[in-house]
Amino acid sequence: MPQIIVENITKTYLVDKVPIDAVRSVSLRIEKGDFISIVGHSGSGKTTLLSMIGGITRPSSGKVLFEGEDIYELASDRVSEYRCEKIGFMFQFASLLPILTVKENLLLPTVFRPRPAGQEAAKAEELLHLVGLTEKINVYPAQLSGGQQRRVAIARAFMNDPALVLADEPTGDLDEETEGDMMRFFKTMNESKGVTFIMVTHNTDLAKQTKQHLRMNQGTLQTV
Amino acid sequence: MAFRNLRRRPLRTGILVAALSLMVAALVFALSFVTRVNSSIKLTSDRLGADLLIVPTGARGGAEDILVENRATSFYMNKSFVDRIKKIEGIDKVSAQTYLVTLTGLCCSVPSSMVVAFNQETDFIVAPWMKDKLGRKLRKGEAIVGSESAYNINLGMVEMEAKLFGSVFSMVGVLDKTGSGLDTAVFISDENIEEIIKNSEADIKPDQISVIFAKLKKGADPYTVMSEIENNIIELDVVMRKDIGKSLITTLGDISKIFYLTMVLSTILSLFLVWAIFTAIANERTREVGIMRALGAKEKHVVTLFLFEVLVLGAIGSIVGIIAGTSLTLIMAQSFSILKNLPVDLTNFTRTVIAFAGLVFGTGICVLGALSPVQRLKKLEPLLVIKQE
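Chains as they are written, first to last, in my numbering: chain A, 1 to 224; chain B, 225 to 613.
Chain B extracted, bound-state conformation (with noise of 0.2 Å):
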């Protein structure tokens, strides 16, 4: 009987299953985007190993673009930083990277990505991420990818040596996956950057890195020793690492504020007109209950028709909705920025938490917006609708 209700008046069911996808859809992308980022984010920062990340003063955001959204930069400071960080007090260890950007065609036969130079002897970055792959130490002339790299550059099925910067690296292993900006770059050791300096115009000098990662004793006060960095040298920038993303959040703060705020107003549209329709539908079918009522029917007859009627509907428009949502997921990854270079993308359980809730979601709004109508149809008194006739 629902079905047939519905098939009545197709043009206003239509409507309102169009609407109800609309929500849907936008609550699954604005679920599924905010998730996203936020997973990238902690990833990144759980997996660092590095209590503060010293970049040089305005270099911050990009330090977070590598960590964060795997986008190739440079920027540089002096090594001497190095020493000056390690008698702060507070500073376990210290290790330097320096990051080169590859540029197809010219220098480099791999696509356009990050280079990480880090020093073997002081690292503890990329180590815990290569010890089970190689076994031993990188060599001169040779390097190791990180795991989306690796299927970037099709190492292992055509080529297994690369030329960066004017010279001829041998590609020697694949990092595990770390959830995190590494997984995009190659690694070589830092005793190759006075040769790529001779063999290319990388616009890089000897004495030169990128970032200091820094793990701190047990015991000290991150705020402190950030503190400490900043207050006595003043051409550096530190990280914390459980601010790393915070740019990105700052930002995505604003973005999820305009995604709630067109849920909030969705979702009071379509209560009000699911309300609406619903009003109609119990007016225009008074009668009919009336009958039912005086044939016989409960009033849990009456709200189990209804009831079904609002799921049906609500399931349909949630269905549609999440498929929609999750297409629009999809195709915005491939092209919006901020998703298209995030380390992690949606697990499957995930994906299906948030179509879950989208469902849910949808169905709930159906429920509750019709909640009003079909109370007043079962307490109708059949007498009072059928004297209308």
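The shape of chain A in the complex, shown without the other chains (with noise of 0.2 Å):
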């Protein structure tokens, strides 16, 4: 069975009070262990898939199951355990939060978990090492570039060991060389580990080292 399914999907927005489409009945079957690139331009609706598939917005019409479980059929805080015990987000933008250090970042999604894995410091300490920023472990997220924030963010997407890694562009704030240390380190948790990813990105190159290569177009999920 397929880890998760997309059942023509839609989600609708109003703007202006004027109905938009940004997602068009997209149906999607991932097996776990795949990793996808989505490419497509601005506003072709790859967010707002990569959201509903994740659970933090809900679709209009139609269904996304994960595992044979339609998530969006669950109460609030089933959601929110799915969120956060199967998925590893990482946005599109650096988010941290800017009250809380770097290790506190990182164990931010840990304290959400209704029963803790134990052994999380370590865990934190690891996934920071992987990333190239142990020496940062105690600075708060204004103490380091935009880069370094990045990668933090994509150490804290791995926390609660995910099933699936939904990244929304997560190479954007990169320079090269780190760029490619990322894509190595995905593959590595892909491969080792059976992680799914699903990777949004505009660089073509990165979405040429994936498994399978998918465009949105104006709402629309073609293959490549």
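Possibly wrong hints are sitting among the right ones.
[As the list claims (entries may be wrong)] Straight-line distance between alpha carbons at most 30 Å, and here's what the computed DSBU-like set of lysine-lysine pairs gives:
id, chain 1, residue 1, chain 2, residue 2
1, B, K303, B, K387
2, B, K317, B, K481
3, B, K439, B, K466
4, A, K32, A, K187
5, B, K364, B, K266
6, B, K422, A, K17
7, B, K429, B, K317
8, B, K439, B, K303
9, A, K103, A, K63
10, A, K123, B, K317
11, A, K63, B, K466
12, B, K439, B, K481
13, B, K603, A, K63
14, A, K63, A, K32
15, B, K361, B, K429
16, A, K103, B, K429
17, B, K317, A, K63
18, B, K441, B, K361
19, B, K266, B, K441
20, B, K466, B, K422
21, B, K266, A, K103
22, A, K17, B, K602
23, B, K311, B, K439
24, A, K32, A, K17
25, B, K441, A, K103
26, A, K63, A, K193
27, A, K123, A, K187
[What the hints assert, rightly or not] Pairwise CB distance ranges, derived in the manner of DEER restraints:
id, chain 1, residue 1, chain 2, residue 2, range
28, B, L495, A, H213, 54 to 64 Å
29, A, S27, B, L235, 48 to 58 Å
30, B, V488, A, A122, 27 to 37 Å
[Said to hold, decoys possible] Rough simulated footprint, nothing fancy, chain B against chain A, three-plus residues with beta-carbon under 8 Å:
id, region
31, 23-36
32, 89-96
33, 134-140
34, 189-201
These aren't lab readings, by the way, just hints derived from the structure by calculation.
Idealized CB from N, CA, C, for every residue including glycine.
Bring the two chains, given one by one in their own frames, into a single complex with the hints.
Listed below in structure tokens is the structure:
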């Protein structure tokens, strides 16, 4: 059974009382361990599709099934648990909380877990080491460059051992070398731990490194 | 996180804490003031031992000054009224007292206070408080003092004799604490009055008294007896036990209204301030809450975070307000004439209850003001705020 089944989902926004379809009747089947890239112009609906798969915005119609369970049939708290335990998010902006140190930002998703996994601090240190920021563990986000903040956010996405990582232009602020390092890190997580990746990017070179390439165009999904 | 969030904007946090503190301080002061005055009046009335208090016309306030507020004052009427009162239907027994005010340095060796000369044969007001202390009747040249006066004149520590109106009196005992104005008086038998008049320039004649206490027969209606006295003897005013302190209550009522109005206005202002500040906080942190929700925070996590912040703010503001309000009460008790003379002070239990009320009120206002912004935040759809970036 596919890990994720997206069934005919549509998201309609009202802009000045005019309905606009951000995503139109998209269907998709994703197997565990897939590494999918989605490219497309700005406003083509990539982020909205990612958000509907991740349970952070409800589709206007259609279903998203994760391991056979329709996530939008779940109660609000259960959807939060789904986001916390199954999904690792990387947003298209540096999404760190300014009042928390780097380590505390990494630990934040674990605070929301219904059952703490244990060893959280050690895991945070290990992930920071993997993204090359060990020495920044106790500093605040304001003391980091944009690229460093982005790497912390990448590390944070793996804190709860997610089954699915949703990455929205995860390397946008990174220089070419660090971008390559991060991409290798993603591939390692995908291959060694079987983490499923859906990555939105403008970078076609990055997209080519993934197992499956899709394109969003005016709210619809096409295979490249 | 809540503490760090509060430290983000110290000026804004400070303003909110200061506003809450002022509101709670006003509440604590108002409650302490009203409670203390009401307790004093009730206690005085409960312990008086007489159903009616009969004074010369126009001296009703003076009598209340003595009984409720411990203020030394004197007023006189002819002793013959005692017999006329006795004859009125419904009266069981009567006892007269004469009030004399000492003047430090001129006639007397004690600080300015009230001397009460009472008739031991008819007395039912003082006796219940002195039986255990003395065990016999007072003799001529002997005095017994109220519990507060004993402390004031160092009785039992320095001197056992005092000069009152030119005569030397032996202080032979201390009255039990009555919780009324009697606590600050010195009590002598009315047999001493003639000698006092002879030895001093006290402005009183031998046939004068200040007040008649009356006890009613069982089943007698106090209103009827009061009307009977006032209609037949126009030179007298009658105060019923339950009406003692009424003029003070009326004055207090107006003061209370001002207090309560100030409270209502400051509560509305604080509510508005908390709402405005938490709306601003909610707007500032929309993106952060969106991120937290996307990372798995439940609605309860968002509410708990903000609620804790609100409670910390409310608790700090309330505690500062309680300290300020209590200090204000203690300071005012020394200089505010109504409070200075009251026989009853607040007990530690009452102070604790008032402080607790201040804490609940202060934090309650904070929670109430923050309710609507927090409700809005917890219902936020993460994508909408994430896309705003």
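Checked hints:
1. Taking the CA atoms of K303 of chain B and K387 of chain B, the gap is near 26 Å; set against the 30 Å cutoff, the hint holds.
2. At most 30 Å may separate the alpha-carbon atoms for a hinted pair to count; K317 of chain B and K481 of chain B exceed this at roughly 40 Å.
3. The suggested pairing of K439 of chain B with K466 of chain B holds, with an alpha-carbon distance near 13 Å, which does not exceed 30 Å.
4. Proposed proximity of K32 of chain A and K187 of chain A is supported: the alpha carbons are some 14 Å apart, at most 30 Å.
5. Distance restraint check for K364 of chain B and K266 of chain B: the Cα-Cα separation of roughly 34 Å exceeds the 30 Å cut-off, and the hinted pair is therefore not satisfied.
6. Restraint check: the Cα-Cα separation between K422 of chain B and K17 of chain A comes to about 102 Å, which exceeds 30 Å; the hinted pair is violated.
7. Restraint check for K429 of chain B and K317 of chain B: the C-alpha separation of about 24 Å stays at or below 30 Å, so the hint holds.
8. Taking the CA atoms of K439 of chain B and K303 of chain B, the gap is near 18 Å; set against the 30 Å cutoff, the hint holds.
9. Of the supplied pair hints, the one linking K103 of chain A and K63 of chain A is violated, its CA atoms being roughly 36 Å apart against a limit of 30 Å.
10. Taking the CA atoms of K123 of chain A and K317 of chain B, the gap is about 90 Å. The hint is violated against a cut of 30 Å.
11. Restraint check for K63 of chain A and K466 of chain B: the C-alpha separation of about 76 Å exceeds 30 Å, so the hint is violated.
12. Our distance criterion of 30 Å between C-alpha atoms is broken by K439 of chain B and K481 of chain B, whose separation comes to about 35 Å.
13. With a C-alpha separation of about 22 Å, the suggested pair K603 of chain B and K63 of chain A falls inside the 30 Å cut-off, and the hint holds.
14. A distance of roughly 18 Å separates the Cα atoms of K63 of chain A and K32 of chain A; the hinted pair therefore holds under the 30 Å criterion.
15. With a CA separation close to 24 Å, the supplied pair K361 of chain B and K429 of chain B stays within the 30 Å bound.
16. For the hint linking K103 of chain A to K429 of chain B, the alpha-carbon distance of about 91 Å lies beyond 30 Å, and the restraint is violated.
17. Restraint check for K317 of chain B and K63 of chain A: the C-alpha separation of about 93 Å exceeds 30 Å, so the hint is violated.
18. Distance restraint check for K441 of chain B and K361 of chain B: the Cα-Cα separation of roughly 26 Å lies within the 30 Å cut-off, and the hinted pair is therefore satisfied.
19. For the hint pairing K266 of chain B with K441 of chain B, the CA-to-CA distance comes to about 23 Å; that is within 30 Å, so the pair holds.
20. Taking the CA atoms of K466 of chain B and K422 of chain B, the gap is near 39 Å; set against the 30 Å cutoff, the hint is violated.
21. Between the alpha carbons of K266 of chain B and K103 of chain A the distance comes to roughly 63 Å, so the proposed pair goes past 30 Å and is violated.
22. About 25 Å separates the Cα atoms of K17 of chain A and K602 of chain B, which keeps this hinted pair within 30 Å; it holds.
23. A hinted pair counts as satisfied when its Cα atoms are at most 30 Å apart, and K311 of chain B with K439 of chain B qualifies at roughly 13 Å.
24. A hinted pair counts as satisfied when its Cα atoms are at most 30 Å apart, and K32 of chain A with K17 of chain A does not qualify at roughly 40 Å.
25. For the hint pairing K441 of chain B with K103 of chain A, the CA-to-CA distance comes to about 84 Å; that exceeds 30 Å, so the pair is violated.
26. Among the hinted pairs, K63 of chain A with K193 of chain A is consistent with the structure: their alpha-carbon atoms are about 27 Å apart, no more than 30 Å.
27. For the suggested pair K123 of chain A and K187 of chain A, the alpha carbons sit about 19 Å apart, so the restraint of at most 30 Å is met.
28. Taken as a hint, the range 54 to 64 Å holds for the pair L495 of chain B and H213 of chain A, whose Cβ atoms sit roughly 57 Å apart.
29. Between S27 of chain A and L235 of chain B the C-beta distance comes to about 54 Å, which sits within the given range of 48 to 58 Å.
30. Hint check: V488 of chain B to A122 of chain A, Cβ distance near 56 Å, so the stated range 27 to 37 Å is violated.
31. Beta-carbon proximity to chain B at under 8 Å applies to 0 residues in the region 23-36 of chain A; the threshold of 3 is not reached and the given coverage is violated.
32. Residue count for the region 89-96 of chain A with a Cβ under 8 Å from a Cβ of chain B: 5. That meets the three needed, and the coverage hint holds.
33. Note: the region 134-140 of chain A has 0 residues with beta-carbon separation from chain B under 8 Å; the three-residue rule is not met and the coverage is violated.
34. Given as covered by chain B, the region 189-201 of chain A fails the check, having 0 residues with a CB less than 8 Å from a CB of that chain where 3 are the minimum.
In summary, the structure is inconsistent with hints 2, 5, 6, 9, 10, 11, 12, 16, 17, 20, 21, 24, 25, 30, 31, 33, 34 from the numbered list given earlier, while agreeing with the others.
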